[in-house]
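**Student:** Single-letter residue listing:
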Amino acid sequence: MKIYKLKTGYTEFLGALLQKGKNVIAPRFAGRTLLFGKIDKAEEAVLPEKYINTVRSAKEFMFPVTEAVVEFSFRNKDVKIHDAHPEEDEKLIVGLRPCDAAAFTITDDIFNYEYKDEFYLTRRRNAALITFACESIDEACFCTSVGLKPDSIQGSDILFKKNSAGTYIAYVNSEKGQKVIDSVKELFEEVIEVVEDIPLYRDLENKMRSPLDTVKIKEWLDKNFESPLWDEYSSRCLGCGSCAYLCPTCHCFDIVDETKYSQGLRRKNWDACQFPLFTLHASGHNPREVQSKRYRQRVMHKFKYYSDRFNKTLCTGCGRCVRSCPVNLDIYQVVSELTKEETA
Amino acid sequence: MNNIYKPYLAKIDEVRQETPDTKTFRLSFTDPEEAEKFSFKAGQFGEYSSFGDGESTFCIASSPTRKGYIECSFKVVGKVTNALKNKDVGDVIGFRGPYGNSFPIEDMRGKNLIFVGGGIGLAPLRSLIWNCLDLRQEFGRITILYGARSVSDLCYKDELKEWEERSDVDFVKTVDPGGETSDWDGKIGFVPTVLKELAPEPENTVAITCGPPIMIKFVLANLSELGFKPEQVVTTLENRMKCGLGKCGRCNVGKTYVCIDGPVFTARELEALPVDF
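Read top to bottom, the protein sequences are chains V and Y. Basically the numbering used here = 1-based index in the first sequence + 3. Numbering-wise, the numbering used here puts 197 at position 210 of the second sequence, and it's gapless, one number per residue.
Heads up, some of the hints might be wrong.
[Unchecked claim] Capping the alpha-carbon separation at 25 Å, the derived lysine to aspartate or glutamate pairs in DMTMM-like fashion look like this:
| id | chain 1 | residue 1 | chain 2 | residue 2 |
| --- | --- | --- | --- | --- |
| 1 | Y | 72 | V | 257 |
| 2 | V | 119 | Y | 21 |
| 3 | V | 80 | Y | 21 |
| 4 | V | 83 | Y | 94 |
| 5 | Y | 242 | V | 111 |
| 6 | Y | -2 | V | 261 |
Treat the hints as calculated values from the structure; they're not laboratory data.
Produce the complete structure using the sequences and hints provided.
**Tutor:** Okay, structure coming up:
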């Protein structure tokens, strides 16, 4: 891994990338909401020290909220269909946090096994992830519980960390990342000596809510599918689905046709297991007919099913589901309390 | 690009009204190259689409031994099936598939088979039944127990007659109490009850069942009472699906995706799944 010192600030770095004609996606305000979006000027981007995380994760740049997968037209008995193509332009997603970068290494498994979802995979190939380690956290963050840290490099093509002097140090984690550095080489200076372990990140790590024991949680989940605690803990869940929509690792979707006159698109749209219609059979039978079963599915999928199948926890501890929940249902708290119930 | 969501175009060659709310389509692929390449196994399913209305999941109801076409049967219950019901011979629909695993026909060779079907649940069994009947000498006794709510809800009526008349098939038909007509010559009673009366021998036998979830539940219990071991019993789960490819998450049960790990499961495999289907 090569390590570089950024000789300028964040804005100058973005400016240089834009000047080279790069397509830069970075956190910027849309009204009052901090979201990832394409920037045309470096100044539009919000400085990494000014935010904890964006409201929505970066997942929509690989797996958009809605996207056409097939185009069709029909006139009486004459039907024509065409592939819809994902955009193939290269993107630099800059300013994401380690939890969001790590999320892609988890969702890669689902879109890349057996049947390959080229819509996701094409975008994934064409995007470089340029992560900035966290400079602050809030009470919702719990990445240390799921094996990550405020300065984890997992999934990032480049990880920027600030040293004690306030200079950005770039850790290059892939060829894709190296290419980005090479494209604006004049801004960087290679670092040969060992870089200090930066106390800021260790401090944040220590300030985070005490780590969950994911092994113990999984053991509890293995045995407690029918626990009455599911009713208890989910009784206030509204089934609004905002946890799933904001989650960087939730990947469920619907496929829906949209038409205008004799033409149309078949679209993949985000969906969520928290909605009652998600599992409703045509017959009227619904295996998850109450919210407690749907909430159980969410927790089980995150902490048991996904790891049973792919050996990974379907959660990066980004805390968005905690921040966004209208009834303050906190998955961290729920799983830690569930686990305690067994030992009590 | 290999677009896993892009359907084949398929022409409707034949439409049969099975029951007041169930239809069968016979389909052939419009592209001769695709038609030539296409193959499937009994138990597999597809995503059928009416362009503009969406996609629905049904099994392939015809036998892989009958080449050149596929058949699907569907009950009119929602948006897509309502659109499909209005399609006619010559119309073009979409088909993606074949998806999922299939009935373990290799393990059934040389064994007695008992098929237990309810309502439209006969569709996947029909694929396997014809597959086995077309290779009749490879199997032992073949028993088919089929029931529906009422006489008019019985699917594939012509074929039921054919099975009834065949000397190499034991065929038993039943309707739920109250669903009989004055000229009904079959049994009256729920499928699981009739199965118990029939009391098939578990020895060297495989039981294959498909129907409404509640029927399957009691059929599995009764087979177990009759001495069938869970590995001798095969069923299909027809969860709500969308992609059919193990991506969209809808048919997720435990670590299993019904669309790629199923839809065919032995009762032994079902025991290992959380009761979430």
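**Student:** Each hint needs a verdict: does it hold in this structure or not?
**Tutor:** Outcome of the hint check:
no., hint, in the structure
1, Y:72 to V:257, "holds, 23 Å"
2, V:119 to Y:21, "holds, 20 Å"
3, V:80 to Y:21, "holds, 19 Å"
4, V:83 to Y:94, "violated, 42 Å"
5, Y:242 to V:111, "holds, 17 Å"
6, Y:-2 to V:261, "holds, 22 Å"
The structure does not agree with numbered hint 4 stated previously, though it agrees with all others.
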